[in-house]
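Residue numbers (the numbering used here), protein chains in the order written: chain A, 32 to 389; chain D, 36 to 413.
By construction, these hints were calculated from the structure, which means they are not laboratory data.
Please note: incorrect hints may appear among the correct ones.
If you want a taste of the chain A side facing chain D, the calculated C-beta under 7 Å gives, among others [claimed, not checked]:
| # | residue |
| --- | --- |
| 1 | Met104 |
| 2 | Phe361 |
| 3 | Pro364 |
Derived pair list, reagent style BS3-like, types lysine-lysine, alpha-carbon separation capped at 27 Å [claimed, not checked]:
| # | chain 1 | residue 1 | chain 2 | residue 2 |
| --- | --- | --- | --- | --- |
| 4 | D | Lys405 | A | Lys113 |
| 5 | A | Lys33 | D | Lys141 |
| 6 | A | Lys53 | D | Lys141 |
| 7 | A | Lys177 | A | Lys343 |
| 8 | A | Lys295 | A | Lys254 |
| 9 | D | Lys289 | D | Lys141 |
| 10 | D | Lys253 | A | Lys33 |
Just so it is clear, CB atoms sit at the ideal spot from N, CA and C, and this is done for glycine as well.
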Amino acid sequence: MKTVVVGMSGGVDSSVAAYLLKQQGYNVIGVTMQIWQEEDTCTIERNGGCCGASAVADARRVANCLDIPYYVMNFREVFRHKVIDYFIKEYRSGRTPNPCIACNRYVKWQSLLEKSLAIGADYIATGHYAKVVQLDNGRWTLQTSKELNGKSKDQTYALYNLTQSQLARTLMPIGEYTKDEVRKIAEDAGLPVAHKPDSEEICFVPDNDYAGFIERDTGIQDKPGNFIDLKGKILGKHKGITHYTVGQRRGLGLAVGHPIFVKKICPATNEIILAENADLLENTLEAVDINIMAKEDIATERVMAKIRYNSKPAAATIEKIGDDRIRCTFDSPQCAITPGQSVVFYQDDHILGGGTIV
Amino acid sequence: MIYLDNAASTKPADEVIAAMQPFLQEAYGNPSAIYRIGRKSRDAIDHARSQTARLIDARPEEIFFTSGGTESDNWALVAGFESQADKGSHIITTRIEHHAILNTCKYLETSRGAHVTYVDVHEDGIVDPDDIQKAITPQTVLISVMTANNEIGTIQPIREIGQIAKQNNIQFHTDAVQAYGHIPLDVHAMNIDLLSASSHKLHGPKGAGILYIKKGVKFPGFIHGGSQERQRRSGTENVASIVGMGTAAELALKAQAQNDQIIRSMRDHMLNRILNEIPDVHLNGSLQHRLPNNINVSFNGIDVESLLIRLDLLGIAASSGAACTSGSLTPSHVLLALGLPPERSKNALRLSLSIYNTKDEINTVVDKLKMIVSELRK
Chain A
32 MKTVVVGMSG GVDSSVAAYL LKQQGYNVIG VTMQIWQEED TCTIERNGGC CGASAVADAR
92 RVANCLDIPY YVMNFREVFR HKVIDYFIKE YRSGRTPNPC IACNRYVKWQ SLLEKSLAIG
152 ADYIATGHYA KVVQLDNGRW TLQTSKELNG KSKDQTYALY NLTQSQLART LMPIGEYTKD
212 EVRKIAEDAG LPVAHKPDSE EICFVPDNDY AGFIERDTGI QDKPGNFIDL KGKILGKHKG
272 ITHYTVGQRR GLGLAVGHPI FVKKICPATN EIILAENADL LENTLEAVDI NIMAKEDIAT
332 ERVMAKIRYN SKPAAATIEK IGDDRIRCTF DSPQCAITPG QSVVFYQDDH ILGGGTIV
Chain D
36 MIYLDNAAST KPADEVIAAM QPFLQEAYGN PSAIYRIGRK SRDAIDHARS QTARLIDARP
96 EEIFFTSGGT ESDNWALVAG FESQADKGSH IITTRIEHHA ILNTCKYLET SRGAHVTYVD
156 VHEDGIVDPD DIQKAITPQT VLISVMTANN EIGTIQPIRE IGQIAKQNNI QFHTDAVQAY
216 GHIPLDVHAM NIDLLSASSH KLHGPKGAGI LYIKKGVKFP GFIHGGSQER QRRSGTENVA
276 SIVGMGTAAE LALKAQAQND QIIRSMRDHM LNRILNEIPD VHLNGSLQHR LPNNINVSFN
336 GIDVESLLIR LDLLGIAASS GAACTSGSLT PSHVLLALGL PPERSKNALR LSLSIYNTKD
396 EINTVVDKLK MIVSELRK
């Protein structure tokens, strides 16, 4: 019998993942990753998120209900280093980070997988909406999760960094289902978290105030600076660059008579360039820190490219322009291509690869 | 299952369960009541008071039942501090105390204006009485030093520290939760004014403990209400658990010398095998001044979280030291206080034995440990 460690967040998705694997005959071990940093219990209670302390209570109840061993593993250090520090550094450099991608890459599929193998597991599993598949060429990749009426919870975007050896040891059993079906399975199985609401915020910033978090964490007050237009004319004052992201329209505190957006953040001069919607459209992007999944290597490929978590994939051509650099040219211009975010390339319904937008 | 976490909690003895049974069933009377089944409860508590007193050579009227070690520690420190507010605000304790002491001290510092000195320990995990002596100021009103440490089992020079406290006319409290029933204790010879102990560390049930308060020590109550425990600790008594603790104390007193020998020989056998058969292992804390049932060893390069999980999956219950509520591990404050490198304080395994273990179990566990450690090091 194969042994699998299921990363359990106390939510319905990972609970059902554990349930399904047990039904499929795996020897299942439940694990919650301790990643929260605070010792103060009141703060911990408030932090729901994907791995807060309240997650432990729920995950433990589910594990008990499934009659599987359950452990809390400490990943605070790696989370601090690879996710929170990266998050802060990116914002302070005028980029928009994606901490969930960093967490998947370094915490879940490095630390958790390594530790799971150490305790004797053959696989790790998560409650991600994605399917792990092996293609005819022998390569492992991720296929988008089941769609219903054009709707899908697909989470492959945040997982494009997984390596071949990591994928070969990964199970994602709920990729075959829609969210409604997953809730139904939880209900039928009598899991106590069947109706728990989804968490959507970044787990270590539950109030969504990123700038406030960065200020509290670093103890450094963000410096106000100028909003300028494309010609360099000063339009007003901004609160500090960590408060903004490319494409942002709301909360600029400016009235210029027409809709205006963040076009570019310039940390060197502490300026933020604002422009009209049409000026945010771009045809190409370049990405680095590339991971290719579905093929050994690529030259020029036709793909569907997704530039942020909630954007629709758009037709594009990609070409390798360096050792670890790809240029992506879209068939039609894209709005607010954001440095720091990831671009993920799909072919058919699976990931070809992806990288970080520069 | 092989249970090697007796420093965390112990299996209640059969005699203990049998003694408790009536008070969970027919003898449910409130001990404060005048009718017969109430009196039966009262008598049982008084009997338990004598049993628990005898183990430390105290008088029954010096024993106050509480909910356990943590409550006793809180009571001792908070009441000991507040009742002497006119004399001073300085407390001396050590860096290796249980969190029931450390966090109560922290509370007294932040909310009650206390000044606390946390005395260091030597690398062997033993406090130097001279360091206690040196920490004393005219403001010092309370010294609290644990009898034996919960992680590394080191036994502190309580007699000497008690002597120092007495000479300086300072109240002396000891958290004896790990030691009570495991090593001989004498509150007179050791000059102890206040002593905390817990039932479930000596094969009694959870939910009962004692605070010994030396006769003549002016000491206010901590939990206010219906005036139970001679107005010092209110709340209807947890009769069954108190009875269980009394029985456990009596059993411990009767068998202490014999159990000590049996447990010590199993412990020494286990420790020798671990040190001889597994490379790169260090014993943490003094071997000489140590509880007979405690082993605390660091395995170089081993992630102890993985080690504990592997052991659990094989049905072996052990621990890394102090248990944390979330069940996840943080580096031990005790091992850090010993001045060990952080690495070694993170990969320590605690094995704590009891009379219910067998030599076969011990050998099985060492065999499994050898296998797991070599696999994890690969």
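Hint-by-hint comparison with the structure:
Hint status for A:Met104: holds, given a least beta-carbon distance of 6 Å to chain D, under 7 Å. A cut of 7 Å between beta carbons decides the hint on A:Phe361: the least distance to chain D is about 45 Å, and the hint is violated. Interface hint status for A:Pro364: violated, as the beta-carbon distance to the closest one in chain D is roughly 48 Å, over 7 Å. Taking the CA atoms of D:Lys405 and A:Lys113, the gap is near 33 Å; set against the 27 Å cutoff, the hint is violated.
A C-alpha spacing of about 48 Å is found between A:Lys33 and D:Lys141, which places the hinted pair above 27 Å, so the restraint is violated. Simply put, A:Lys53 and D:Lys141 have alpha-carbon atoms about 46 Å apart, too far for the 27 Å limit, and the pair is violated. Distance check on the hinted pair: A:Lys177 and A:Lys343 sit about 16 Å apart at the alpha-carbon level, within 27 Å; holds. Among the hinted pairs, A:Lys295 with A:Lys254 is consistent with the structure: their alpha-carbon atoms are about 17 Å apart, no more than 27 Å.
For the given pair, D:Lys289 sits about 39 Å from D:Lys141 by alpha-carbon distance, which is inconsistent with the 27 Å threshold. Under the criterion of a C-alpha separation no larger than 27 Å, the hint pairing D:Lys253 with A:Lys33 is inconsistent with the structure, at around 64 Å.
Violation of the numbered hints given earlier is confined to hints 2, 3, 4, 5, 6, 9 and 10; the remaining hints are satisfied by the structure.
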